[in-house]
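J.: Listed below, chain by chain, are the residues.
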Amino acid sequence: MIGRLAGGVAVLAVLAGGAFWMLTRPASLSDETLAALSAHEGDAQAGEAVFWAAGCASCHSAPDLAPGAAPEHRMVLAGGRSFPSDFGTFYAPNISPDVEHGIGGWTLPQFAHALLQGVSPEGAHYYPAFPYTTYTHATPEDIADLWAFWQTLPADATPSRAHDVGFPFSFRRGLGLWKLLNLHDDYATPAFDDAELARGQYLVEALGHCAECHTPRDAIGGLERDQWLAGAPNPAGQGRIPALPPEGWTAFDIAAYLESGFTPEFDTAGGEMADVIENMSRIAAPDRAAIAAYLVALRSSPNP
Amino acid sequence: MFRYLSAAALAAAMVLPTLAQAEEPTDPNVNARHALMQLYAYNLGVLGGMAQARMDYDPELATEAATAIYHVSMAHADRMWPEGTEVGATADSRALPAIWENRAEFDAAAQALTASAESAMGSVGTDLASLQAALGGIGQNCSACHRTFRQPE
Numbered sequence: 008m009i010g011r012l013a014g015g016v017a018v019l020a021v022l023a024g025g026a027f028w029m030l031t032r033p034a035s036l037s038d039e040t041l042a043a044l045s046a047h048e049g050d051a052q053a054g055e056a057v058f059w060a061a062g063c064a065s066c067h068s069a070p071d072l073a074p075g076a077a078p079e080h081r082m083v084l085a086g087g088r089s090f091p092s093d094f095g096t097f098y099a100p101n102i103s104p105d106v107e108h109g110i111g112g113w114t115l116p117q118f119a120h121a122l123l124q125g126v127s128p129e130g131a132h133y134y135p136a137f138p139y140t141t142y143t144h145a146t147p148e149d150i151a152d153l154w155a156f157w158q159t160l161p162a163d164a165t166p167s168r169a170h171d172v173g174f175p176f177s178f179r180r181g182l183g184l185w186k187l188l189n190l191h192d193d194y195a196t197p198a199f200d201d202a203e204l205a206r207g208q209y210l211v212e213a214l215g216h217c218a219e220c221h222t223p224r225d226a227i228g229g230l231e232r233d234q235w236l237a238g239a240p241n242p243a244g245q246g247r248i249p250a251l252p253p254e255g256w257t258a259f260d261i262a263a264y265l266e267s268g269f270t271p272e273f274d275t276a277g278g279e280m281a282d283v284i285e286n287m288s289r290i291a292a293p294d295r296a297a298i299a300a301y302l303v304a305l306r307s308s309p310n311p
Numbered sequence: 024m025f026r027y028l029s030a031a032a033l034a035a036a037m038v039l040p041t042l043a044q045a046e047e048p049t050d051p052n053v054n055a056r057h058a059l060m061q062l063y064a065y066n067l068g069v070l071g072g073m074a075q076a077r078m079d080y081d082p083e084l085a086t087e088a089a090t091a092i093y094h095v096s097m098a099h100a101d102r103m104w105p106e107g108t109e110v111g112a113t114a115d116s117r118a119l120p121a122i123w124e125n126r127a128e129f130d131a132a133a134q135a136l137t138a139s140a141e142s143a144m145g146s147v148g149t150d151l152a153s154l155q156a157a158l159g160g161i162g163q164n165c166s167a168c169h170r171t172f173r174q175p176e
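Going down the list, the protein sequences come from chains A and B.
Read left to right, the first sequence gives residues 8 to 311 (our numbering).
Read left to right, the second sequence gives residues 24 to 176 (our numbering).
Don't read these hints as lab results, they were simulated from the structure.
There's no promise every hint is true.
Quick list of the computed label-pair ranges, beta carbon to beta carbon [what the hints assert, rightly or not]:
(1) A/Glu231 - B/Ala76: 33 to 41 Å
(2) B/Ala114 - A/Pro253: 23 to 31 Å
(3) A/Glu272 - B/Glu87: 18 to 26 Å
(4) A/Gly95 - B/Glu128: 29 to 37 Å
(5) B/Asp101 - A/Ala73: 23 to 31 Å
(6) A/Ser89 - B/Asp150: 38 to 46 Å
(7) A/Thr146 - B/Glu87: 44 to 52 Å
(8) A/Ser92 - B/Ala114: 27 to 35 Å
(9) A/Pro78 - B/Leu59: 27 to 35 Å
(10) B/Asn54 - A/Ala164: 48 to 56 Å
(11) B/Leu59 - A/Phe259: 25 to 33 Å
(12) A/Pro242 - B/Ala114: 23 to 31 Å
(13) B/Met97 - A/Ala205: 48 to 56 Å
We put the CB at the ideal spot given by N, CA and C, even for glycine.
The whole structure should be built from the sequences, with the hints applied where relevant.
T.: Here it is as structure tokens:
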């Protein structure tokens, strides 16, 4: 299936090179977004809250980071963790403020371009192992705050490791087609009028990227949005990532779990989720409650 | 004739998996491990219930629960974790091979839990804030061990 699809992509490139080139051209930030970025004065303290909610450290901290390590260690974004997938193995790059090996030489619009559209300063598409299909919903204000916080992070000189991805996936231009299918302007679930639910939706669908693991993927690795948070095979190996919200859990249970790592039965989070708790335990309590409220609201109308 | 044979084959296909399951009872070591985990959860339910304000803070009950957790952690007999009881090798086990590949780290994780439970015994009766801090310490140790040595569900 993937081989046939890849063949299809290659043939399309030959037959309709021009059209392909147009379709796969990396998008630019809108004037509106650029204006919002420059109008907002970045607040590093608010940016720290965005940092934990967006879970940057889970992928970009060093692979040998000890469980339960102090926050100052989680803030060293040296990269190097590996992410095996059907398409090859991705290695999280160094995104610390180091000028040579990290992203210390970037500007705020370049940072926003990467997060909102998955495009590098050189104009190349990023692989969607970087969850920009989620971050695309983030507000320019949150991104400006996050960038202000970034300037307070320690630089690290670890060189980034190249991804181990074979042809045709090594041909990044083709990701433009993938983005046409998978980079959505709208949320996966309908908008909420209630302020807490709307906040929870923003935290889950724009920053928290819960769906990256909790939603199943199609043959080309796109999220099946009609199976939103319905549970999925574990990309990291055996086992299954559960559906959200877990059966029988109240909003209180979910918020308590995100804070403490304890399930209602007083088991503890293991696997990848233990690391997610390290981030979620550092966001504000009302934000954890908002995430819980949003997830419980999905129970009445799962899989829109 | 063919019909009888296929009926027999069908019957065998339906019965054999059942027999295979019945022939593989859970290893007593795995059962003992699960029993320990249930005792942890039972007592953490008291500390967690108070920490999360699901129940009133009761210093005596909290101390009792922390003491129980400490004693359960002391029952972490090595013989409960023999080789060959990892996930896939025996029914119901989620123990990762990492336990036997890195036994020293596993034993150190168990000792860290005992140490945090011992300190909790002395502090959870002081006030709710002390209980919350102590529970956080115990929870870190539960989680650290589970993420390294237990297969996620």
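J.: Please test the hint of 23 to 31 Å on the beta carbon pair from B/Asp101 and A/Ala73.
T.: 24 Å, holds
J.: Note whether the CB distance of A/Glu231 and B/Ala76 lies within 33 to 41 Å or breaks it.
T.: Holds: the Cβ-Cβ distance is about 38 Å, inside 33 to 41 Å.
J.: Is the distance from the Cβ of A/Pro242 to the Cβ of B/Ala114 consistent with 23 to 31 Å?
T.: 26 Å, holds
J.: Should the hint that A/Pro78 and B/Leu59 are 27 to 35 Å apart at their CB atoms be regarded as holding?
T.: Once the Cβ atoms are compared, 32 Å apart, the range 27 to 35 Å for B/Leu59 and A/Pro78 holds.
J.: A range of 48 to 56 Å was offered for this pair. Does it hold for the Cβ distance of B/Asn54 and A/Ala164?
T.: 51 Å, holds
J.: Does the beta carbon distance between B/Leu59 and A/Phe259 stay inside 25 to 33 Å, or does it fall outside?
T.: The hint (25 to 33 Å, Cβ to Cβ) holds, given that B/Leu59 and A/Phe259 are roughly 28 Å apart.
J.: Taking the Cβ atom of B/Ala114 and the Cβ atom of A/Pro253, is their distance within the range 23 to 31 Å?
T.: 24 Å, holds
J.: That 48 to 56 Å hint for B/Met97 and A/Ala205 (C-beta), does it hold up?
T.: 49 Å, holds
J.: So does A/Ser92 sit 27 to 35 Å from B/Ala114, Cβ to Cβ?
T.: 31 Å, holds
J.: May I ask you to test the hint 44 to 52 Å on the CB atoms belonging to A/Thr146 and B/Glu87?
T.: This hint holds: roughly 49 Å between Cβ atoms.
J.: A/Ser89 and B/Asp150, beta-carbon distance inside 38 to 46 Å?
T.: Holds, since A/Ser89 and B/Asp150 (Cβ atoms, about 45 Å apart) stay within the stated range.
J.: Does the hinted range 18 to 26 Å hold for A/Glu272 and B/Glu87 at CB?
T.: The hint (18 to 26 Å, Cβ to Cβ) holds, given that A/Glu272 and B/Glu87 are roughly 20 Å apart.
When the structure is compared with the earlier hints, no violation turns up for any of them.
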